[in-house]
Each structure stands twice: as structure tokens, then as C-alpha cells.
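K.L.:
Chain by chain, the residues:
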Amino acid sequence: MFLINCPYCGERDQQEFKAGGEAHIERPKQPTELSDDEWAEYLFMRKNIKGVQFERWNHAHGCRKWFNMVRDTSNDEIKAIYKMGEKPPSQ
Amino acid sequence: MTKNLRVKSSEYIDETNRISFKFNGKTYHGFKGDTLASALLANDVHLVGRSFKYHRPRGIMTSGSEEPNAIVQINPGTNRTEPNVRATEVEIYEGLEASSQNCWPSVEFDIGGINNFLSPFFPAGFYYKTFMWPASFWEKYEFFIRHSAGLGKSPTSRDPDIYDHRNIHCDVLVVGAGISGILAAKNAAKNNFKTLLVDEKNELGGSTVYENNEFNKIDNKTPSEWLKKEIEELKNIKNLEIKTRTSVAAYHQYNYLLARENLTDHLEAKDKTNKIRQRLLKIRAKKVILATGALERPLIFNNNDRPGIMLSSAIKKYSEFYGVACGSKNVFFTNNDSAYESAMSLYNKGINVEAIIDIREQSESKIVKKVKEAGIKIYWSHSIVDTTGYKRLNSISIMKLSNDGTSVTGSKISISCDCLGVAGGWTPAVHLYTQSGSKLKFDEEKKVFLPNQNTSEQISVGSCGGDFKIDEIIKNLNQKLKDTLNINETDLDSIKVEIDQENSKRNIWLLPSDKPLGKTKPFVDYQNDATAKDIKLALREGFRSIEHVKRYTTTGMGTDQGKLGNMHALGIIADTAGVKMGELGTTTFRPPYTPLTFGTIVGRNVGKFFDIFRRTPMNDWHVENKAEFENVGQWKRAWYYPINGETMHQAVQRESRAARESAGILDASTLGKIDIQGSDASEFLNRVYTNAWSKLAIGKCRYGLMLNEDGMVYDDGVTTRLSENHYIMTTTTGGAANVLGKLEDYLQTEWPELDVYLTSVTDHYATASLCGPNSKKILKKIIPDLDLSDENFPHMSFKESKIGNIQCRIMRISFTGEHSYEINVQASYGKDLWEKCIEAGQEFNITPYGTETMHLLRAEKGFIIVGQDTDGTMTPIDLQMDWIVSKKKYDFIGKRSLYRSDTMREDRKQLVGLLTDDPNIILEEGAQIVSELNQSPVEMLGHVTSSYFSPNLKKSIALAVVRGGKDMMGKKLFVPMENKNINVTVANPVFYDEKNERLNA
Ligand SMILES: [Zn+2]
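Protein chains in written order, with my numbering: chain A, 35 to 125; chain B, 674 to 1674.
The set of hints was computed from the structure by calculation and includes no laboratory data.
The beta-carbon is built from N, C-alpha and C at its ideal position, and this holds for glycine as well.
Warning: the hint list may mix true and false statements.
Below, a list of computed lysine-lysine pairs in the DSS-like style, where the Cα atoms sit at most 25 Å apart [to be verified]:
no., chain 1, residue 1, chain 2, residue 2
1, A, Lys52, B, Lys1415
2, A, Lys99, B, Lys1415
3, B, Lys960, A, Lys113
4, B, Lys1562, A, Lys63
5, A, Lys84, B, Lys1112
6, A, Lys52, B, Lys955
7, B, Lys911, B, Lys1153
8, B, Lys1064, B, Lys1192
Residues of chain A clear of chain B, computed beta-carbon distances all greater than 10 Å [stated by the list, open to error]:
no., residue
9, Pro41
10, Phe51
11, Glu56
12, Met79
13, Ala114
Same shape as in the complex, but just chain A (with noise of 0.2 Å):
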């Protein structure tokens, strides 16, 4: 059970987290300009990365905010946690 600090709250029990999968990835702008190939890449694709992932992650029983988090998926070490809009600490 992991204790996320959330950048509106700070530090609070997993369990009031919801995982929102991998983030930076945008929602294209003009959808309707994409092939079917290049809008499933954006529909489908995540990485699912043994060791530092990039994650969204909502504050949903809490402030109901989204933020980012850098997390190592080998052994759940959180690196980094940043606001939406921020740009991710370089790795």
C-alpha cells in the first residue's frame, strides 16, 4: 500500500488513489485527420515498463485532482510526483 504525497493534500493512503495508466500521452488535436493506424497508436498503445514508468494518477476520494507520478514498476519506489500541465523531472 503505498503513500502518495498528492500535490494539493500531501500524503495519504493508496487507497484513496485511483491509477490513471500511462501519462503524456495527449489526445490529438484533429482526430479526424488521423488514420486508422495512427489513431490506434493513441487509442491502444501503453507501455508496460519493467523498472522507471511515467504515470497518471487521480486524487479520487480526496481532492478529485489528476497529477503525474514517475514510479520504478520494479519495486514500486515512487521517484517523483508532479502536477498536470508540469514538465517531468528529467530522468
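Since the structure of chain A is provided, determine the placement of chain B with the ligand on it from the hints.
P.N.:
Here is chain B with the ligand on its own, set in the frame of chain A:
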């Protein structure tokens, strides 16, 4: 005639408090402070169970939670019965009953014992090899296996006890209250760290508290004497909370630990009532100090499992702590000095110690000299090659070990004995450490796995960290405490320790016998009956991974998770495969460390709290009017209102007719409601719904369909524009929370530039849906001032009004196809509103209807229910709802996916109506639909999603999804059922009032 083996009074046993208890139906006596195991041993009872596979007689092996054999059923036949309890952990109380498990008809005569003689036919993987073929026989095999195996019986009646959960946040958690844990907790608390000390036993002090070896001294006192003084001092320390009878079950990441605090298990039945039995502690600690100690290892030799064969350390504990001798003629078998302490403990109490068999060549320590002086015979370089005694050990045979330890030589000596203490060294209890995700490293010299790489703020101190001697323990503990707590001085700086130095050890994982291995039974895992032979067989058959060997041989797979034998299994694998143990890796220790009761896990979340539910403000009225309820999401919704003994079908038919003929009323409070405000609210709705929203006038309502980005229907509902920048959206009852979550996600992450604010107001409003041709007249009675004319208040519009003093929002919208109004008031006025409607509707025979009638009425109109007629694979096009998908809008969630090659396929499953040729046959929801009856295998075209008998149409109607159904209008299909094939015809899904004339009736 039972013997009394109580040999010495102990301060931990209250001999003034005599307790009677029953074991296997026979009454015995013990004292307050005894465990079931110590009390049985005091009565000279060793035989307590049968092993799992061979049903071999087994006795008490240990004095703690690592016990593999003495697994009993507590209070059999009562509602407090509990299986798989370790007799070594049960504190006795007046009236306690316990019985052996895994034996029939009794532990003394067990039919399954025949397996022991058949054992050549029960090799490793026997169950896999034998019972897997032919597959159809498995059920029969399983019946016999279940009857002859099995570990205890679950209670069959309701658990009478109360369980609880508690969250604890502390600076320092110390697990284990042996000498290391006590000193760690004391120094942490003294330095202002909020400290919690837990121990699974009822007394603090671990094994040091009965450590009376005269050659070990702390500040010139025996360790026992010195530690008792330290324990006494704990009482006066602030910041320190101590919990005994509390066992840490799991150590998760980020220093989150679960512990079970046992509060009443040691009490008599009359004192258990109305008290919390067990409490699950959910502990979040800034720092964790593991002081979990070490477990003594047995030795692996032929027939090493007979009742009377025990761990040497357990014999010492029974003697020193409980004042019980485990035998009258004792022998020890050892590879280190610790057995000599146990031997001296017995000798000092006048108990006969026949001999010590030592696989080492010699030892010069003081304690060994003392044993020699006592005249106890020591056999150096000897090993036990066999034992005898079926239900109780009666002799051992020993032979001289070869220099390399792989064989025995010379002549066999037989020694008669009734108790054998085995001492194979110590295994640090690193279970919790590895559960935390931290990594171990094998120490090839000490032959133990030790903590190596920590993943959280933690330290392992004392013997679980690899320090076994008091001087090492104190020295290393002191340094670790200073480092982890960041302090400069501790109480430990001034402690003076003298100890007896052990000077030799010899480790042999599998001890040889004069017989070939195939003819011997050297047990590695006692509970699961896995022998060294089985492990070697697995290796010969090609198993290499330790995890595979473990599963194939079942080593370490019992309720004890192989706490005693895992290291030997690894050692034997390493020796056989010719690799170093460190290269093999270790198996994963999984929570819980010791089993937890279900009660502890669920705590207070039982009965009506098992799954929380929500009730609408009108709920009391529904209950008073005998509604039947159904669960929708977490809501309890009125399902139908039977009167005069109606069946559900009869009630629903009556309610459905009434709603169309005169007036009906539905409690629609559970619909999700989201308040949407902001200058970009219209643009936002444009992006999330498939249809256009920018031109919706203030005061108007519109139905919207929401897709997932993959183009599949996600939710639907009516949204009303209350003012320029203010909307109220309704969602499905079950989808409310997810819709809000999804909308927030898009707002915060994709469109942060939009000025939009979302608030869930589902619970803030109560909603009564008034429907039917007389609904207008009823509303007029309630709100005489409101102009209800179609001109002023047309279908799909909204009015703000007042019922008396109660502010209300009225939407003229319809889910039944009838003229209807949804009246929303502040939740606390919900019941009042409802009763006003019912009262005003009396003269029109207003009929309350539930969710079932609502479903029927909307099915007559071909309105979908998301989640019933859709399943996450249906696009709006599949639902024949092309009309709601805007062609003009540049983008909305899911739009692009509607043009993917897969979503544009003509042969997707599409929503259609189905009519049975016989109008009285009602299809089953979920029934499959086919076009050919004589095809094999038959092609499934789709299934029925909604099906009812329509009282208004006087025939059965159904909605279904059918492959290519859109182009099948009028086509004859079949619904094959168990006993008959039902003929059906594809129809328009709008069965009733296709022109929507009733909306304005
Ligand atoms: Zn937050």
C-alpha cells in the same frame, strides 16, 4: 494413567489457578499461563495429530507459531470453532475443547495411516501424476482425496464474535519483544519517537527472559534476571505503546503493516461475550525495527518425525518457562552448543538426560564442559540413523559419521528414550523483511539468509539480522539504533556482556543413514509430508527452479509455510545440484506470516455493513407500502409494489397499465446528477456528448449519449440548461461516479483551458417522476400557479417553481413515452413531495411503480438502458441511434473511433426488436439467437438483452443484439432453449406509439 511432568514452579504459570480442558474428548488439567501444548506435555501427551499425506502420528514439535504438527480444531461443533490452530499458541482457559485434525476415526487409530505403508506409491507429484488422467475421473478422485485429507472443519453457523480495525500512525514500530526489540523500543521512545512495540506472545522478553545459562552475563546478572528489570522499566516510559498477543501478519511497501491483536481468545466463553475478539491494526510507521528473532532448525534424518521428537529450544522453553519436562528419558541431537543449554536446563531440574549425539568432532565451550562434568554421555561425530516408536518415540539408533559427513560407519548403538531434542542451528525470521520487498543475501559461512538491501526505512536487529550471541546483538543493535534514529547515545553504551564462546559448528543438510535413501523417511516438511527423497526425485525429473520444486513436492506449501524445513530443502537442492545456496535464490514468503481469521480481515464490515448501500429520501414510504427492493449500484431501489399477494409479474403488469392509462409515479432520486457551471459549459457538453449542444436554449432539456474514446456507448441521460452558464446533467444510476470521474479527467488533463466546474449533486436532490395521461392534472393540483400548457411548458423543457414553500425544479421529460414530469426538490423534502403527489393523485388512482415497470415501459418504447442493452461493445450506430450522432461537429469523445474499419463493419451486432410468433411466450434475457437449427456447430447471431410481457400491447416484446440485425427486419430467427425452439421475428425496437403522440396527450 497419565503422568504429571510438571517439574518446577515457574513465575509464568499460576499454579493457584487450575484449569480443566478437553483434548480429543478426554479431560486434562493445566494452569493459567499454559498453552495447550505445554498443558498436554505436562500430562505426557505428545501424539496430537496425523500428517497430511501418510497420516503418520505426529507430536508437538515447537513452542511457537512455527509449529507444523500440533494443528488442532478449537471448540469443535460450536459456533466458535476454529480449524488449523497451533496448539503451541493457544492459551488454555476453563472449558477449552480441542481435537486433532486429519485423522479418522481417531488420532490413536487412523485409517489413513495405511498410506504410510503404501508410501512407496506416494512419491513427489503423486497427485499430479495419478489423478490428472483421465480428466473425467477427476471428480471421483477429488471426492476421495477431500475425505481422507483436509485440515480441519470450518464453522457452519454465524460467528458470534465482534472484530475491529484500527489505524495506527507511529514514528517507530518495533516488531518482536525479545531482548533486541525491548531495547530498541525503549531507546526510541526515550528519544521522543512515538513508538509501538508488538509481540505475538502474551509475555514480553522472547527467549532471553528464560535464558539462565550461567556462563552468559549482562551487567553481572543472568540475561533472564537483567531483562526482567528492563521490562519492568518499560512501564514508566512515555511515547511507548506495547501490544502483546499481537502478531504482524503482513509487511507491505512504504512501511504499511497489518497486525492481528488477539483480545479474548485466551478467555473463558463467559468472558468473551460482547467484547472485541480480534483487532486488525493497520500500521503506518515512519521507521520499522524488525526484531523477529530466529527459528531453530531441526535436523533431517531417517524417521525424524515421531511424537517425542522436538526442537531442542522448545524443550528448554517448556522446562524453563512452563516448568514442564517433555520426557523422562531425554536425548539431544545437535550440530552446535545450544542443545547443551537445553540439556543443562533439564539436568538442573533433576530430569534424566541420557545422552547428547553431536555431529561435530568436539567443542570446548564452558557449557559443553559443564555437561561433561554432569556425567552426561556425549557421542561426538555421531548421527542418528533411525528411530523407533509408532505413537511415541522409544529408541534411537546412532552410528559414527564419516569425515565428509555423507555416510555412517562402524556398529550401530541403540539408545532408549522417550524424548529427543534436535538442534540444527538457527534461521533468522526474515519473513516480514522480505514481504516488505527488501532483498536477502545468503551468508555461505553462517548458512543463513540475511537482510541485504532495504527498500524502506527499516532495520533488522538481533537474531533476525544475523546476530545470535548477546554481545554481538548489543553491539550491533546499538550502532543500528544510533544510525537509524540519528541519536548519539543510548542505554546500550554502558552495558557489559560476558558470554560463553561457541567454537565450532557443523552443517549437514541431510544426515546419512545406514540404509539407502530410498528406504528411509527423512522429513523436510512435516506438515505436508515432503521428504528429502521427494526433493531429490523432483531434481532427477528435471525440476530446477526452487519455486517449481516447492510446488511439485509441496514443500513449504502448508499452513506453516515450511518455516522449519525450507532451509533444508534449499540446502538439499544445492548439494544435489552442486551449486552454492546463494545462487539458488529463496522462495517468496507471502503474507500472512501466521494465518488470519476471516473475521479479523473483514472487521466491522459484516451483515448490513458488508456492502454499504444508499437509500433515497422516499425510502420509508416504499418500505411502509411493502415495496420489494432491488440493488442498483449501491442503491436500494423500489422494484415493484405488490398488493393483495400479487406475484411480481402481476404487480408489474398492473403498474404498467396504470402508468399508461392514468398516472404512475416513480422514485427517480438515484439518477446521477452533475451540476455543470462555467463560461465554457456549452462547449464542454459539445465535446463530451455525441450531439450538438451549443444551440440548446435556456430552460430546455436534451437527451445526450456519451461515448468512450473507443466509440462505445458509455452513459446517457438528459441535461438541462438552467441558465447561460449553468447546466444540470443526469446520468444513469450506476454510472454517476464514473461519469463524473471521466469528465473531470478530460477537464483537468486534456482541456484545462475550459472554464468549467463540476459538482456531484446526486444526493442533494430527490426526484419524483410523475407520468401518464393524468400527470398534468395532478401537477396542476400541487402547483396551481404554474402554467402547464404545451405552449408555456412543452415537452423537453424546464421550469423552476415552488410547491408551497419548497423550491423545486421540474423537467417535462419522459422515459416511458407518456406525458410526464420529473420533479426535483431538496433531498430533505423528498418524502414530503412524494406524499403530496400520492395524495393529489388519489382521484386518478395514481400508482407507484418500481424499476421493473420502468424497464418494461421504456422497452415498449425501444429506449435503451446502458449496461443492459449495451455491454461496452456497442456504438450508437449499432444501437440504430445514428440520429443522435452529429455529423457537423468537428470532434467529440469517441467520434474518430466511429470511423475505424472495425466499427464500420456491416455485420456488427446491432440492436433490434424481437417478437415471438406465439405472443404469450416470454423470451429469457441472455438467450442466444440463431438462424439455422440444423447447423453444427450452430452459429450464434446474438442474444436477447431485454424481454417483457407488455400488458399494453398484450404480447411479449424483446430487445436483442443480432449480427447484421439492422438489415433483417421481418426475418424469422430462432431462440433455442433447453426443451424447445422458439420462433421469433425481427421487428422495429419501438413497439408502442411509434409517432410519440402520447407525449403531448
Ligand atoms: Zn489531493
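K.L.:
Taking the hints in turn, state whether each one holds.
P.N.:
Outcome of the hint check:
{"no.": "1", "hint": "A:Lys52 with B:Lys1415", "in the structure": "holds (12 Å)"}
{"no.": "2", "hint": "A:Lys99 with B:Lys1415", "in the structure": "holds (12 Å)"}
{"no.": "3", "hint": "B:Lys960 with A:Lys113", "in the structure": "holds (19 Å)"}
{"no.": "4", "hint": "B:Lys1562 with A:Lys63", "in the structure": "holds (14 Å)"}
{"no.": "5", "hint": "A:Lys84 with B:Lys1112", "in the structure": "holds (17 Å)"}
{"no.": "6", "hint": "A:Lys52 with B:Lys955", "in the structure": "holds (20 Å)"}
{"no.": "7", "hint": "B:Lys911 with B:Lys1153", "in the structure": "holds (22 Å)"}
{"no.": "8", "hint": "B:Lys1064 with B:Lys1192", "in the structure": "holds (20 Å)"}
{"no.": "9", "hint": "Pro41", "in the structure": "holds (12 Å)"}
{"no.": "10", "hint": "Phe51", "in the structure": "holds (12 Å)"}
{"no.": "11", "hint": "Glu56", "in the structure": "holds (12 Å)"}
{"no.": "12", "hint": "Met79", "in the structure": "holds (13 Å)"}
{"no.": "13", "hint": "Ala114", "in the structure": "holds (16 Å)"}
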